[in-house]
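Model the full structure from these sequences, guided by the hints.
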Amino acid sequence: MHEIMNAQTQPKTTLDDAPGSGKLATFPGWREVRSRTRTTDERIGDLYRGKLGERSKGVALLALGGYGRRELCPHSDIDLMFLIDKKLSESKVRDAIAEVVYPLWDDKLDISYSVRTPKQALIDAKDDFLLLTALLDARLLCGDEESYRDWKARFNKDILVGRRKQIVENLVSHGALRHKQCGDDTYSLEPDIKEGQGGLRDYHTMLWTAKALAGETDVSRIRIDEMFGNRDRAELEEAINFLLYARCVLHALSKRKNDRLRFEYLGALADTLGFRGESLERTIESFMLEFHHQVFCIKVQNEAFLDRAKDKLSIFRDGARFRIDPSFEVLSGRVAFSSPESLPADPHLMIALFEHMARFDRPMHPTAREVVRNHLNLVESSRISPLAKRAFRRTVAAKGAQRALVAMLETGVLGRFLPEFERLRGRMQFDIYHTSTVDYHSIRTVQELMNLERSQTEVFQRIKDKELLFFIALLHDIGKGYGSPHSEIGADMAFDTLQNFGFSEKQAETARHIIQKHLVLSETATRRDITEEKTVFGFAESIGNVEALCMLYLLTIADATATGPTALGSWKELLIRELFLKSLKIMEKGALRDPGAAGEFEERREALRAQAPSILGDETDARLEALPHQYVMSYETPAILKHLEMSQKVKTPCDVAVLVEPRGSNFDVTVLATDRIGLFAKLAGVFALNHLDIRGAKVFTWHNRLAVDVFEVAPPWSDYDRWDKVISDFKLAAGGKMALAAAISGVRPPLNGTRKPKLEKKPRVVTDNSASDFFTVIEVYAPDQVGLLYRIARAISELDLDIFRALISNKGDLSADVFYVSNLQKEKIEDPDQLKAVEEAILYSLK
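Residue numbers (the working numbering): 213 to 1059.
Hints may contain errors.
Taking lysine-lysine pairs in the DSSO-like style, the calculated list, with each CA pair at most 27 Å apart, reads [what the hints assert, rightly or not]:
| id | residue 1 | residue 2 |
| --- | --- | --- |
| 1 | 801 | 676 |
| 2 | 861 | 784 |
| 3 | 718 | 601 |
| 4 | 943 | 910 |
| 5 | 338 | 298 |
| 6 | 974 | 1038 |
| 7 | 320 | 298 |
| 8 | 1038 | 1048 |
| 9 | 1040 | 746 |
| 10 | 784 | 973 |
| 11 | 973 | 1038 |
| 12 | 863 | 910 |
| 13 | 676 | 797 |
| 14 | 392 | 369 |
| 15 | 338 | 524 |
| 16 | 611 | 601 |
| 17 | 678 | 601 |
| 18 | 611 | 369 |
| 19 | 854 | 974 |
| 20 | 678 | 718 |
| 21 | 611 | 392 |
| 22 | 854 | 910 |
| 23 | 910 | 746 |
| 24 | 392 | 377 |
| 25 | 522 | 377 |
| 26 | 861 | 746 |
| 27 | 794 | 784 |
| 28 | 676 | 601 |
| 29 | 784 | 746 |
| 30 | 797 | 910 |
| 31 | 1038 | 863 |
| 32 | 469 | 746 |
| 33 | 524 | 611 |
| 34 | 524 | 377 |
No lab work stands behind these hints: they were computed from the structure.
In structure tokens:
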């Protein structure tokens, strides 16, 4: 295929011009795909001519789609079409297929084919959009050349010229749908190299649009002198070449057709392409920075190209046009400069453009994008302009902030105007929860905060300085480009940045405090027992005041929501809100256990006394006395009644009662059994044995030694239906009838399970006696793996320690598991030697 390539100056520059030198030597994408295409052409040509010979009259064999474009990667589909004369006998058609296609299948090639008459091909192209795009790239391989030329002329006239506007409209609408389904490769951590926004399919869309505009499928006849400037063509050539080579390597590494850059392939892919770093993380990041740079080029050029095509064909559906002020106007629903020539004399207008985009929540006009790109040198001048700084503050807090900030990022303005942000550009986040790069995540957090303004109205009303809060959201991860711990580094950076943008020293100090603490609410809620007053009082004291607490709460929710769809599970959200409300009560009333709290406990006990007799009968009073205060306050009455009903099935140490309930895409698994040292480890082992990923756990022991453990687990696939086996395994394990350690040693991660990056992290164990008045807290950070929680819990139980609470969460690419434990005397572990033994035992279990 000869695409939109070559920046060499020539009297006539067409889509068929051969690629130039330069960058092509670095990443031989075109050379790879064309070589593979040429080999396939030769194989098919030999089969066709050797078997059919003179019988080829009335049969033209065409290459379609990617094969037609000469873009074959190692496991690409090979799409063929037999264009046949309607008078050709059915037996001759069958012979043609048998002589060409069957040997290719024997060669293990992924061949698909269709058979059409010229007329039928034209009819089908009008009804089938995917076929139409495949035919746009059709080229003759073998056979009746005259028949092919006649069909091609009719295709150009009847389809391209006759339906030009409809084709471009369909290309635009299909592209928008594809982007929504596959995501934006510019910021994705696991991008789709072909179908994502900025991927190869966007380049194909430009190619197809150019053919539709020209009314011609022959790329050698299409002039692109006015479509792209020399710089644009050179950058596009480099980007396509890079992506094609990356796709070839990805296919080879995957040993199959695969266009998704999954974590598990990134290290080998980066290494093969020649990227090097001081660690695996830095090597991957170096590659992904280049990848995001290249897909950004394709994305921007595709948008600009389609904008020009839509403008040429009058496809813009938003006809809004009005004057904003003397310097700006809205044209075809997009913000544009009224007089761009005034920009050099008034550089703050560069930032004012984005303010108007945010204010009206409208995109940038293509002409404005070109003006911005040609005047990036003015951004530095605007940085010292008070007008520009105020415009940027208003941009961040306006309804269309995300649209405007992304446009600033993509045009290169944001990194120049806010230099601290430049190091976030394309920066990776190595865990299974983040789905985008740090720069886009930061912008997305601003948008999620705006969404919360509608859903968390009461909390927002407590915040007087909303503009400051939105600015904090934009800068909350600013330290990630500068070292660790990023929250502390970023807090100091934000303090200086905010004062530079005109915020007062008091406002800047508030921002420093919130950014420094922006992980604390989530970490405390998920890694500490918030039913202990000491935990809540300590947290509330560290935050200071109600407005700071409300800011932190909203930022925490927005940050987690912007991270990805699995980052804020229902359990985590409930824990965060519970800690927020308890802390708010302390700040407003000065105490956690106010008379209302004591009254609530008695109300719950009375509700249980009224309803439990139908379940427990004469044992009601004794059984209710066995329920700990923390347990009663942690569950609603219906849940406690359900647990009491389940407890009726636990009569002996071998009995286990299990309840499985769906919770969104996850499940709640409630297990009741007689408590004993090692019970939690056995339960965790059964989950590992059945490929169930534990996302959270509430562990309580009633005063009658009945353990009530509730787990939130994620199944390895959506239609997981092995619950009968899971329940059976629980009973076998609890009864000592299963060799769990041996069984787990043979378990491997499911092929379709959650993929996690394999990075260079060492396990770490921390013990803490200050966090709880009653228990020793053990924190374990380790790379996640099958049976991890089982091994940790088993090591703890082998030291004769009882696990009272277990809090399961993740920190980056690490599993972060927290255990509240006591010894056999129900006391903390005070002996330093024993604490050291605990750390050593856990670390040894993880080898």
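Results of checking the hints against the structure:
1. 801 <-> 676: 21 Å, holds
2. 861 <-> 784: Roughly 30 Å between the alpha carbons, so the hint for residue 861 and residue 784 is violated.
3. 718 <-> 601: Roughly 18 Å separates the two Cα atoms, so the pair holds.
4. 943 <-> 910: The given pair, whose Cα atoms are some 20 Å apart, holds under the 27 Å limit.
5. 338 <-> 298: 20 Å, holds
6. 974 <-> 1038: This hinted pair is violated, its Cα atoms lying about 31 Å apart.
7. 320 <-> 298: Status violated; Cα separation ~31 Å.
8. 1038 <-> 1048: Holds - the C-alpha atoms of residue 1048 and residue 1038 are around 19 Å apart, at most 27 Å.
9. 1040 <-> 746: This hinted pair holds, its Cα atoms lying about 16 Å apart.
10. 784 <-> 973: Between residue 784 and residue 973 the Cα gap is close to 25 Å, so the pair holds against 27 Å.
11. 973 <-> 1038: 34 Å, violated
12. 863 <-> 910: The given pair, whose Cα atoms are some 22 Å apart, holds under the 27 Å limit.
13. 676 <-> 797: Holds. Residue 676 to residue 797 sits at ~19 Å (cutoff 27 Å).
14. 392 <-> 369: Cα-Cα ~33 Å, so violated.
15. 338 <-> 524: 23 Å, holds
16. 611 <-> 601: Within the cut-off at roughly 18 Å; holds.
17. 678 <-> 601: 17 Å, holds
18. 611 <-> 369: 47 Å, violated
19. 854 <-> 974: 42 Å, violated
20. 678 <-> 718: 15 Å, holds
21. 611 <-> 392: Answer holds: residue 611 to residue 392 is near 21 Å, not above 27 Å.
22. 854 <-> 910: Roughly 15 Å between the alpha carbons, so the hint for residue 854 and residue 910 holds.
23. 910 <-> 746: Measuring from Cα to Cα gives roughly 19 Å; hence the hint holds.
24. 392 <-> 377: 23 Å, holds
25. 522 <-> 377: Satisfied, since the Cα-Cα distance of roughly 9 Å is no more than 27 Å.
26. 861 <-> 746: Measuring from Cα to Cα gives roughly 36 Å; hence the hint is violated.
27. 794 <-> 784: The hint holds at about 15 Å.
28. 676 <-> 601: 21 Å, holds
29. 784 <-> 746: 20 Å, holds
30. 797 <-> 910: 24 Å, holds
31. 1038 <-> 863: Holds, at roughly 24 Å.
32. 469 <-> 746: 55 Å, violated
33. 524 <-> 611: 31 Å, violated
34. 524 <-> 377: 10 Å, holds
Hint violations for this structure: numbers 2, 6, 7, 11, 14, 18, 19, 26, 32, 33, all remaining hints satisfied.
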